[in-house]
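In order, the protein sequences belong to chains A and B. Each number in our numbering comes from the position in the first sequence (counting from 1) with 101 added on. Each number in our numbering comes from the position in the second sequence (counting from 1) with 154 added on.
Derived by calculation from the structure, the hints in this document are not laboratory data. Warning: the hint list may mix true and false statements.
[Unchecked claim] Stretch by stretch, here's where chain A covers chain B in the computed footprint (C-beta under 8 Å, at least three residues):
1. 335 to 346
2. 361 to 375
[Said to hold, decoys possible] Pulled a few chain B residues facing chain A out of the computed Cβ check, cut under 10 Å:
3. R350
4. M351
5. A354
No residue lacks a Cβ here, since even glycine has one placed at the ideal position from N, Cα and C.
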Amino acid sequence: MSGRDESEHPVLLALEHIGKTYPGVVALDDVSVDFRRGEVHALLGENGAGKSTLIKTISGAIRPDGGRILIDGRSLDHLTPPAARRLGIEVIYQEFNLVPTLTVAENVCLGEYDGWRADFAAYRRKCAALMADLEVDIAPDTLVRDLPSAGQQLVEIAKALAKSPRLLIMDEPTAPLSLSEVETLFRIVRKIRDQGTSVVYISHRLDEIFDLSDRVTVLRDGRYIATRRTADTDRDELIALMVGRTLLETYPPKAHAPGEVALELKALAGNGNEAMSFALRQGEIVGVAGLIGAGRTELAKLIVGAASRDGGVMELHGRPVRFHSPRDAIAAGVGLIPENRKEEGCFLGQSIRWNVSIAALRRVLGRFGIRSNIEVDLAERYFRMLRIKAPGIETAVVTLSGGNQQKVVIAKTLASEARVLIFDEPTRGIDVGARGEIYKLMVDLAAQGIAILMITSDMEELLGMSDRILVLHEGRMTGLLPRADCSQEKIMALASGLTGN
Amino acid sequence: MSHAVETATPGPDWTGLAKRAAILLVLLALIALFSGLSPFFFTVQNLTNVFVQNSYVIIAAVGLSFVMIAGGMDLSIGYQMSVVGVVTAVCMMWLGLPVPVSLVAGVLTGVGMGLINGLASITLRVHTLIITLGTMTVFQGASYIISRQSAILNLPLSFKFIGQGYILGGIPVSVVLMVISVAVASYILNVTAVGRMIYAIGGNEEAAYLSGIPVTRVKVLVYGLCGFFVSIAAIVLFARSGSAASSTGPGTEFTAMTAAVLGGISFKGGEGKMWGLVTGVLILGVLGNGMQLVGLNTYAQYIVKGLVLLAAVGFDTYQKSSRGRGR
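Pulled out of the complex, with its shape left as it was, chain A reads as follows (with noise of 0.2 Å):
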């Protein structure tokens, strides 16, 4: 798309000096953009930038302190999500914002009531011609239950697409695709560039961004930082711009050669995986890449007994081992910190001290019950290794930051003595600050003798955190390759199954 010179287009939309602040936090301080028709401008930031608050804005979903914004050089005050709307703004949020018991064609015309009659004859008219036109194939009589996610993904663009918007957000919509529609994605938006719409394409993936964007804006910390032409920049400058230092200095050093094995999985196979077959030595981190659905999280399951196995064996300190539940992996000294924190993690409700101990309750139970001396004893010595930040462990985890209730989590795992940990996207979600306190956590546990799996999405995670690499592609192992051998280039080729190994 590098070809593409955009520069004439006129402005559809304007950002100046737009401020937001929430109590305590500073969510935005004087940004200013612009994005013209017929582009896609890409905005690029880590967790916490301010992009949800800068999209929240142009739906005229929250109301900024200060700045204006303007579309077609025509300055709005008061804009409410309707008047946005109305001026032909449409946003396709994270979160799928689909009715599934109703039908496709009900979905992408939901909201469209011309009189007191629903014309459904119409509606599914509408969305098959909508659907040809995106070349998409999906049944406008199709129940949205009944598709995958991926294509629950796209009848919420060919919803926004009913609209006809003039400009469109779009919050990481490639999260729940695979490859294949990621492509199809992408020449959906190509198209509708063409045809003049203005596209903010939100995403953390930066080869997504080479690909389809025009234009690129970082934020950092609710900051503009700058704006450039894709094809002027590189991905080292945007990470340096987005991250604000070198990439280095995230990754705390280690300085410790792994010891024997702790776990090995000899053909274990189930919960939708293949036979896998590799071994994870004390004080290692193996890092597991993979695109979404490669079954990554599903090994993870697999191994602490989540889910059960269709073949194979594991073997723990050398003895073969068979977990039918979590409770046995526990037992065993195998935890799992899980992707979903506030799902599969920890109990929100809950004090700092409930949450370290329930997963250790046989270490603090006395003749007659839960010694609460020996819990807060346990509960402080977690609390203070962590640095979990909070006034005390009575504390509700509901109250701390995404950060610390990881830390919680990690907590809750190291307290009940696991030797083993897998990490399930150990810092999504977390703010680059908090996200640093966790690595040397995991490097500290490593030269403490932990094996530790980790899972993640993130490629400089998982290039700056691994002593190895177990790339995984639709169930099946494609690659275990040391460090050192491991390019994002060779483990992306090897996550999208284009070599064999």
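With chain A's structure known, arrange chain B on it following the hints.
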């Protein structure tokens, strides 16, 4: 080490305390109100009555609260009580078994029905509201078959003592049983590992499973405990009435549910304390008793009780959402 904790924790959480005590303040306000409206309300005789009349409700609500804290629901406790009552009566009166044996049979029947609910909930994997709606209907049929649709009158004196007698110089036996039930339940919920697991499952079942908690076993146990306490409640209720009919018991589930929600036991599970539950039952009890003394009829009482529940739930939701917005 407790010293270290005190320094780490900032001063007492007054707003949290006020919120938690709100329900207690409501109870005290009601007592003050009715004391002013009726000279008969604030007497030892009347207040003892309130406790005696509600002791079986509290015991049944204790059973229900285990299920609710674990994130489930039990609509069947009313008919469980009906079955336990008629089984106990049939053992005593028709089979001629001694009273203690009959009591054990009744309690075992109750625990058995609880276990049926528990096993059904883990095998069928639909919401426990639906499961217990089904088992409720089953227990209803069973109860009327066992009692042959008749009222069993003139239950033995030693049985009626549980509901009507006094020990230790004037303390009603039913109140003693109620206090013991609440104490045992508090101990299980607050001090034992199982108690922690019950809160964990109700708070976040997936996280509980991944944290190594035996979710299915605890769920079955929870329904077993519910059945146990519900059978104690049934025995107190039937002993107080002195006769046994299948129509005795049903309805308790809604009173218990109302009291639990009033007392801060969330429908979503994972939270709730015994003192809140007891306060919730007493609010309903005081309302009923006070309005009776003031001269309002039963139907007016229903309206007031319903409105109190809605107000309490509304207050709770308002508190939570305003806290969420503040952040």
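Please write out, lowest number first, the hints stated earlier that are contradicted by the structure. Hints that this structure does not satisfy do not exist here, as all of them hold.
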